[in-house]
Every structure is written in C-alpha cells, then in structure tokens.
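Asks: As a plain string of letters, each chain reads:
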Amino acid sequence: MTDTSLSLPTTRFEPAAFTDDELAELNAEFETAPASKIIRWAADAFGPHLSLAASMADALLIDLAHRAFPAIEVVFIDTGYHFPETMETVERIRRHYGLNLRIMTVAPHDEELWIADPENCCSAVKVGQLDRALASKAAWMSGLRRDEAPSRANAPILGRDVRGLVKVNPIANWTRADCDAYLREHEVPYNPLLDQGYGSIGCWPCTKPVAEGEDPRSGRWAGRDKTECGLHLD
Amino acid sequence: MPLIEIDPEIARDIAKFETMLTAYQAGDLEDDVFRVFRLNNGIYGQRQGGTNQMVRVKSPYGKLTAEQLDLFARVADEYSRGWGHITTRQNFQFHYVELTRVPDLMREFASVGLTTREACGDTVRNVQGCHLAGACPHEVLDITAWAEAAFQHFLHNPIAQRLPRKFKINFSGCETDCGQAMFNDAGVIATRRTRDDGTVEAGFRVYVAGGLGANPFPALALEDFTAKEDLLPTLEAILRVFEQTGNRKNKLRARLKWVVQEQGWEWVQERILATRKLLPASSSWPGGIPEVVREWGDAPAGRSEAVEPTVMGHGTPVAFRSTKAYDRWEQANVVRGTAKGTVSAYAWSRLGDVTSAQFRGLAAITRELDAEVRITNRQNLVFRNLTEEQLPILFERLTAIDMAQPGAELSRDVVACPGADTCNIAVTQSRGLAAAIGEALEAAGLAEVGGVRTNISGCTNSCGQHHIADIGFMGAERRAHGRSAPGYQMLLGGYVGQEQIHFGEKALRLPAKAAPQAAVRVVGRFAAERVAGQTFREWIEASGGVKAIAEELKDLDVFPTPEEHPDFYVDYDETGPYEVALGDSECAV
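Chains as they are written, first to last, in the numbering used here: chain A, 1 to 234; chain B, 1 to 589.
To be clear, the hints were calculated from the coordinates, so they are not data collected in a lab.
Be careful, since some hints might not be right.
[Claimed, not checked] Under the rule of at most 25 Å between Cα atoms (straight-line distance), these lysine to any residue pairs were calculated in the SDA-like manner:
1) Lys137/A x Met20/B
2) Lys137/A x Arg537/B
3) Lys251/B x Met87/A
4) Lys554/B x Ala581/B
5) Lys166/B x Leu21/B
6) Lys137/A x Leu183/A
7) Lys228/B x Arg102/A
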C-alpha cells in the first residue's frame, strides 16, 4: 500500500451526566438566568446529543438556540394532521435559518384515530415519534411556558423526563408579552394562525381558535378533559 | 466565465460548513460529529488519511454544461491532482483536496449551479437518469424533468436528513433501462397503459428496494402503473416508509432491501401505498405535475421514419463493417434514430478518469457543436443533439484529447470503482486490474468485442457494480504459501435491462494477477463461439452454464511460490508486498 496512515476517528463526544440533585441545583440557578445562557449550557453539556423539539407555532426558541449552536438538531413531528399554514411555516423557518431540521413522519393508521380513539391518537402519532427522534440523545429542549396553561404552571426550567433524558425548557418563565416582544424585535418567523385567534397550534382536528382572555391552550382538545398531548408529561 | 447567482440555500450550506470546519480545527467539535456532517455535505476521507478529502459533486441525471466542464478543469488542476473521476452514479469525484480548501471548492461548484450536498452519508443520493433521456429514439418519456423534480424535491428535504442509510433513485425513459432502475431503492421506468376508453396514457412503473452491495436484491414493482401526478408522492412515500422502518441499529442491514427481507414485500408495499394516500394533506408537496416538468416538458424525442434506431441497452451487439478508425468509432459510439434526426455520440473515458486537459477539450467541443453532454453510468460521456455533419468534427476533437476510442458497449469499456488507490475500505486495486484487463484485451486483439461488459469492485460493497456485468470481479484477500495475496472472485452472466435483473453467478476465485488472463479467455471464447444475435447470457447457457466455463479457467487459480513469481503477492499499482489495510468505513457509519 502507498500509505497506511488511515484517517481513523479519534474522539467521540461524551455528553455530560448529571444527578437529580445537580439538576435541581442548576434549575434553581437558571430561574434567574437569561435563556441564552441556559441554552449555551445545554449545548456545551450535550453537544450533538441535544435536540430541540419544535411545534412551529413560532421560531422563538429556534432563534435563540440557533444563535448559540447553529448546527443544533431541531425535530418537528409531522403527524399528518397539521394545518397547511403550519407546514408552510415549517418550510419558511427551515429556509430562514438554514436549519438542521429533522421531520419525523408517522406511519399510516387503518382508521382516523382522532375520531376512533382520540385519547390515544396523540400517543400513537406524536409521542412515539418523539421517542424515536430522541433515541440515542441525552437531552432535549422545548419552548414550553408556564403561562400557557394551568397544567404547565409549575414546569421547571431543567428536569428529567420519563425517558430519563434531561429536559430543558429555557423559556419556561417567559410570559406571552416577553415572547411577543422578542418575536417583534428579532423579526422571528411565526405561524400565521397565531394572528387568526389560535393561541396554541397542534393538529387541525383537535385545535380551535380561542377567545380573547381565554387560556391560549384552551383551544386544544376543546370540550374534552384532555389538556396535554403527552410530549411534556413527566 | 458566466456565473449564476449562488442559490441562497447552498450559500448557507457552505457558510455552515465553514463554521463547522473552523470549530473542528479549533478542537471544539469532535471527529465523529464533524465526520457525519462532512459526509452529508459530500466530503469523504481518503485512504491516504490526514486532511486529504475526496469531494463528490452531484450531477443529477448526468447533465453537464460547458461552464461546469471548464470549472472541473480548473478544479482538477488547482484543488486536486489534475484529474477527476466519473462514478457509476453520475457524480464526479475529485481526490486529494485539502480539507481547509473545501469551502472554497464548494463555492466554485455553486457558482456553476452544482452542489456536493447529500452526495454521501445517509441521505438521498444523486438522482440518476438514462444518459440519452430527451435524445433517445426508444424512450416513452423524456425523464429529464422528472429526475430534476425528484432531485429538487429531496435535496435539503427535512424528512431525509437522518435516514437509516442511503437512498438511491434512478430513472429510465423506457424498459431498456439504461438508467439501471432495477437495483436501486426507488427505480422509475417510463411506460404506457391503455385506458378503458382505448386511449394511451404515459406514466411510470416504480420499482422498490433493490440494491447491490454484499447481498444484492432485485427491485420489486410497487404497482402496475403509476400516473404522472402520483410519481413524486410515490417516491416520498417510499422514502417515508424507509425512514420509519429501516434498521437504525445495524447499518449493514439498514437499506430498504433489508426491510423487505425482514417484513416481507406485501407489508412494505401496503405501507407505501397507504402512506401515499395521506401525502397530499401533509407534505410540502403541492400536488399535480411538478412545475419543472410543466416548464421543460417530458415529450419523448420520438423515432425517425427514415433511420433504423440504434439498438440500446445491455448486451447490444456492435457490428464493425470497416477497419478505419473513424468508421469503427462511428459504428460503435453513435446513436441514431430520433424524430428530428439529431444523433448522439460517446466520448470514451479510460477508467472513468478525465484529466484537466480533457475537461477543457470537452467544454470547447460542447460550445463549438452547441451540444449537450451527459455522464453515463459506465463512466463515459455522451454528446447529444448533434447533426450528422458534426460527427467527423467531434471525432477529430475527441481524438485530440484521447477520448475517441470505440468504447461504448465494447469489451475495453471496463468499469471500476476507485479501489485501494484512494478508498478507505477497498481490499484490492480495482483500477489497476481494470487497466490490466484493458491492456490484455488490446494485446489479444479482443478490445472491440461487442455485447460484453466487465465491471470490477475492490471489495464486497459493489461500487463497481460487479453483480450486474457480464463479467464481474470482486476484490478479496487470498492466502497462499503462508502469504497474503490480492485476489478476485469472478462472476459471470450479470444483466440489467428490459425490467429484468440477473446477478452474476460465482464462477471461481483467482489470483489478481491471473484475472486479466481469465477475462481474455472468456471474451475470446464468447467472440469465437457466439452465434449471430446471441447475448452473453445466452452464450453461457449454450456453453453449459457458468460452472462449465469456470471449469476451463481452473488452471488459472494457481499461486506460484513467492520466489517463483513475487508479483503475485504485490497488487497492481503497488510496489510493496500485499496487505489488507482497512480504515473505518465512512460508507456505513
């Protein structure tokens, strides 16, 4: 052989490991930290083993994360039931940031699950896909906020999810007003449905606009007991 | 040089590559993270290690312009070592590019509308098309715009950024299948059906889950007929099913063909068809006929009334009626018979290498003759849209750059992967063997036998497509007299065409240094024994089958001692004793 000094990989990124106590301590510290600092911490600790799960209502968290770590993997779950406006927003946001976007697609079901079995439709079409997207990951981020709904009022900034992964909610303590200000200031792309009375956006069969003053998420599964799809349950 | 505006998305790809490269060089980015990122951007490592990179640039359906050829000339001189290499999937590869210069090189490619994005890695690779699409007397549809639509739809597509493994799409304009649809993840063949009212509709037959590699599988027909408006949703449905069901734990069993092996064809087929039903509602695909198809059209070139169309495809016989160089080139390399009377002619590339001088010459010819150029999957180039009067000029120009050998579909047209010359995981010097076979055939007066294809791969991965050639060689290590020696598995009777695929049958194993002699004997027997119109496979059949032919080659499977014949223990193009030196595969990481 001419030369056998083959290019072998030498180092692999090992994501940091944290005990629950360490997470709790950091969580307390992060209550008063800017979101950018929290994201920077997550990017440093978990590197390529960090994902950002986006609902694509807006690109606020994406905008923040992209500044800290342009290569961050953003995951969006295409349930097959999104509004056309949402799909257009996904493509607009992807192009705007040149995003490292991974769309998870859902296998077809024999029947319309949201009619036949609405309680389990979300887990069949969404939660399973998030599990798949997070396989081999160490941590993930979401744009979940406490003022979105009573079910989210106590959401921590940093915690551990049911999979044992570190879950980071960098803007958990932002208010709607904080978000609006950021979106305006940085001209962040958002879903046009937000201007049409939709406070929170999911699949079209289970998302309705909300009246002024109502909980923004009250249009999700309206008229039913359900308030969470299951992505954010501990 | 007329430059086009760089596509903003490609510009961002390059900027990101630069950012990541800077971070990698500063030690802020680990090797494994950077490697996956680099592969998805078409940049491979090389056997030589260090920061030598192989840069693969995609040429969808093989189309090239004069500007692109001129640029390749400059790239070969200024970034590489004076040549570029044609792949079997209509890409060009430039080797020995210094990593730090990759972003500049990407910008050069982008300035002529080319990208390296998703040329490697677990992505949708280059979209191939039959090289005469739009200029072929046999085609049902000109698949050019359809291949372009598929290329545009899947490049950067977020459902295809983290696939279980690579995904290959090939198009052919008719069942002759010069585009080799039958061994890819999605192979599209243009076809017709007669509607109930008696009218004829052109559309496609889509073949799924084929593949070569160490375990070749033929592609299977998804349905009898796929209407034009359903084609892109069908391709996306196949890709989605692969994304959802491909094995993510074992890359060696991750391609779509393995899903079929494990789940059964009906399961896969049903899932694809069910997925397609949901697509209009959920994809970024607007539906209907793709814009580029509406713009460019897909009408076939049509067939001349006056001229008998040249027969195309695997096994095509070539009849020489003259000994003059021009006549022989014209008889072997020219395709006639389109409705408007234009012709096509091949430029032959030895071992798929094109030097910077040849690139410049090809660009000049393209301009002078106002021709179109496409890359063929047998590592040659074809000029299309020529007049009869231009043929002697083309021959003269090609002679000047040493690309005028009668080559297409003749025995000298040996296809080989880069092999242990530059590839991390090759076992043998496939290019060296290809050159040796070419020389041995020339010496034996057998270089211009028609209807016999030879393909060589330097390992089991089949980049040289050895399974589908009449004569195939696959590199393998041999042991003899206590030493390692380069060897090959010889296969006979592979075939792809007419919506059929046959994988070559194992004949025998040979020392690398005896392989040219074996090729010469087989080609010689075929040339002497074939009866008029007989294909290579038919000849094998008539000769008692592969085993019987192998039996008569048995005497070549002998290793002399290292003292008698030291060169049996040294591979082609090498000076030192043979040893298998493998790097980490970047193909399946």
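Asks: Going through the numbered hints above, which ones does this structure break? Give me the numbers in ascending order.
Replies: Numbers 2, 3, 4, 6, 7 - these are the hints that the structure violates, sorted from lowest upward.
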